[in-house]
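Same order as they appear, the protein sequences are chains D and Z. Residues 5 to 249 in my numbering are what the first sequence lists, from first letter to last. Residues 59 to 319 in my numbering are what the second sequence lists, from first letter to last.
Calculated directly from the structure, the hints in this document are not laboratory data. Please note that the accuracy of each hint is not assured.
[Stated by the list, open to error] Covered stretches of chain D (in silico footprint by chain Z; criterion: 3 or more residues with CB under 8 Å from a CB of chain Z, positions within the stretch not fixed):
#1 78 to 84
#2 96 to 102
#3 110 to 123
#4 126 to 138
[As the list claims (entries may be wrong)] Computed from the model, here is a short list of chain D residues facing chain Z with C-beta under 10 Å:
#5 Ala24
#6 Val25
#7 Gly28
#8 Lys87
#9 Val89
#10 Ala90
#11 Met91
#12 Arg159
#13 Leu163
Ideal Cβ positions, reconstructed from N, Cα and C, are used throughout, including at glycine.
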Amino acid sequence: MSGNGFIECRNLRKSFGAKAVLQGVNLTVQRGETMVILGGSGSGKTVLLKHMNGLVGPESGEVFLDGLEISRMEEDALTEVRKKVAMVFQGCALFDSMTIGENIAYPLDEHTLLSPEVIRDRVREALALVGLEGCADLYPAEMSGGMKKRAALARALVLRPEALLYDEPTTGLDPLMTHRINRLIRDLQKKLTVTSVVVTHDLQSAFVIADRVAFLQKGQIRFVGTREEFQTSKDLAVHEFISDA
Amino acid sequence: MRAISEKWSLRGFYPLERVSDYLGGLGLLSYGVARCLRKRWEGGLILEQMERIGVRSLSIVLLTALFTGMVLALQMGNYLTRFGAKPYAGRILALSMLREMGPVLTALMIGGRVGAGITAEIGSMKVTEQIDAMRSLGINPIQKLVLPRLLALLIMLPLLTVLADLVGILGGLVITTFELDIPADFYLNSIIQFIRFQDLFSGLGKTFFFAFFIAIIACYNGLEVSGGADGVGRATTQTVVTTSITILVSDFFLTKLFLQL
Ligand SMILES: Nc1ncnc2c1ncn2[C@@H]1O[C@H](COP(=O)(O)OP(=O)(O)OP(=O)(O)O)[C@@H](O)[C@H]1O
Ligand SMILES: [Mg+2]
Numbered sequence: 005m006s007g008n009g010f011i012e013c014r015n016l017r018k019s020f021g022a023k024a025v026l027q028g029v030n031l032t033v034q035r036g037e038t039m040v041i042l043g044g045s046g047s048g049k050t051v052l053l054k055h056m057n058g059l060v061g062p063e064s065g066e067v068f069l070d071g072l073e074i075s076r077m078e079e080d081a082l083t084e085v086r087k088k089v090a091m092v093f094q095g096c097a098l099f100d101s102m103t104i105g106e107n108i109a110y111p112l113d114e115h116t117l118l119s120p121e122v123i124r125d126r127v128r129e130a131l132a133l134v135g136l137e138g139c140a141d142l143y144p145a146e147m148s149g150g151m152k153k154r155a156a157l158a159r160a161l162v163l164r165p166e167a168l169l170y171d172e173p174t175t176g177l178d179p180l181m182t183h184r185i186n187r188l189i190r191d192l193q194k195k196l197t198v199t200s201v202v203v204t205h206d207l208q209s210a211f212v213i214a215d216r217v218a219f220l221q222k223g224q225i226r227f228v229g230t231r232e233e234f235q236t237s238k239d240l241a242v243h244e245f246i247s248d249a
Numbered sequence: 059m060r061a062i063s064e065k066w067s068l069r070g071f072y073p074l075e076r077v078s079d080y081l082g083g084l085g086l087l088s089y090g091v092a093r094c095l096r097k098r099w100e101g102g103l104i105l106e107q108m109e110r111i112g113v114r115s116l117s118i119v120l121l122t123a124l125f126t127g128m129v130l131a132l133q134m135g136n137y138l139t140r141f142g143a144k145p146y147a148g149r150i151l152a153l154s155m156l157r158e159m160g161p162v163l164t165a166l167m168i169g170g171r172v173g174a175g176i177t178a179e180i181g182s183m184k185v186t187e188q189i190d191a192m193r194s195l196g197i198n199p200i201q202k203l204v205l206p207r208l209l210a211l212l213i214m215l216p217l218l219t220v221l222a223d224l225v226g227i228l229g230g231l232v233i234t235t236f237e238l239d240i241p242a243d244f245y246l247n248s249i250i251q252f253i254r255f256q257d258l259f260s261g262l263g264k265t266f267f268f269a270f271f272i273a274i275i276a277c278y279n280g281l282e283v284s285g286g287a288d289g290v291g292r293a294t295t296q297t298v299v300t301t302s303i304t305i306l307v308s309d310f311f312l313t314k315l316f317l318q319l
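Put together the whole structure using the sequences plus the hints.
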């Protein structure tokens, strides 16, 4: 049984050794909405995000994706699920033995029967979307941090997933590029009704892209609500976080 | 992995717990690989690894074998002359090369060179989240990374061992001819007449086990790396130590097994 959310976390607990990172996280992301997860450094945002596509398994609690429980699924079964949910990693995680073009083509090569020409077009299209035209033949080592970030985004987009998990997509980008990526995230949601979960430090971006905001603190979701509710929240921790940022 | 040590109630006894966790991990990885065997085999990836593992290790393997053969011949010549058994030098040398020195030394060299390389490569992919990225794209890292390396090692280690055997025997030939005054044709003929296929196969049989151990240990250590570049360094060292010890210890038991066959 599951509710009506596209992604649902129920009472998630996860610790590494003695360190309890998630201590009963409950969060529902509706289909088609953009949920921004805010929280201090080391509060467990990345760990939470990695539960949403089964990269990390919880000690207790469940994760439902599109009605399926994924928190206890076998790795083989998760393969199918993950085609629907793409992830942009905080550290980009581009394959450094491949060029950017090959990185982006990789999921297409693996999961589709498209011809090489079509794949090349899809790669070019994805690169254009993030403003990296003509960079297909560069290796990750030859690119700047911001370029890698955008390439990682292009790789996540290329399979046209139903949901996207972004881990700090705009950290390290200049204001212009930040603006462009934020608009891209919004456009994807508007035009393709992609469900998005965005982890970020950047309040400015959060308020631009978020339908709803969740605030993670001390291993629990301290606040969930619209951005207006977030900005006017009386919660002390939320207030502190906003004024610090 | 934890479950195994819990089941055998080794909790609290840390050294044993760690060993059982490690063995459990190796077992799980082997099981994962076995499950991947049913899926698509990627010839391209396997060939690439065969080139990297096999062809590029040729020089160190052959150099090792050449000098081992020469040293064996020197020692053998020295001792056998005392017993008046010099004519047996070739036969004994060939026997030790085929049954022990060729397979074990080749495996040790490959375990060091290739095993360390595999751990470093997979380990750095792990710490830069490339393994997670593969999984997040619905691509199985065991199938893409572990299986090709295992198959390449299973193919290349026996082949390299055969070459090492040959070069070792030729190294012996050089020394016996020029140092011990045994005629070359006598040396070769005595070997050919004396050596049986069993000798070759008992040596080669071991190499499949060695290849399996090297691949699984090296890949597992890489996949389990945590904590950045120093973690990769530590894992790489551990691979060299663990593969070497595993090869030497398992060689004893495999020898016992193959002597019975
Ligand atoms: N694989 C792991 N092994 C051990 N500890 C881990 C692991 N992954 C995360 N942690 C710990 O969990 C805590 C939360 O980490 P996480 O990466 O989720 O933080 P974060 O909220 O994403 O921080 P940041 O904003 O800096 O990226 C950290 O204290 C970290 O040390
Ligand atoms: Mg993070």
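Hint by hint, here is what the structure shows:
no. : hint       : verdict
1   : 78 to 84   : holds (count 5)
2   : 96 to 102  : holds (count 4)
3   : 110 to 123 : holds (count 4)
4   : 126 to 138 : violated (count 0)
5   : Ala24      : violated, 17 Å
6   : Val25      : violated, 15 Å
7   : Gly28      : violated, 22 Å
8   : Lys87      : holds, 5 Å
9   : Val89      : holds, 8 Å
10  : Ala90      : holds, 7 Å
11  : Met91      : holds, 4 Å
12  : Arg159     : holds, 8 Å
13  : Leu163     : holds, 8 Å
Of the numbered hints stated above, those contradicted by the structure are hints 4, 5, 6, 7, listed in ascending order.
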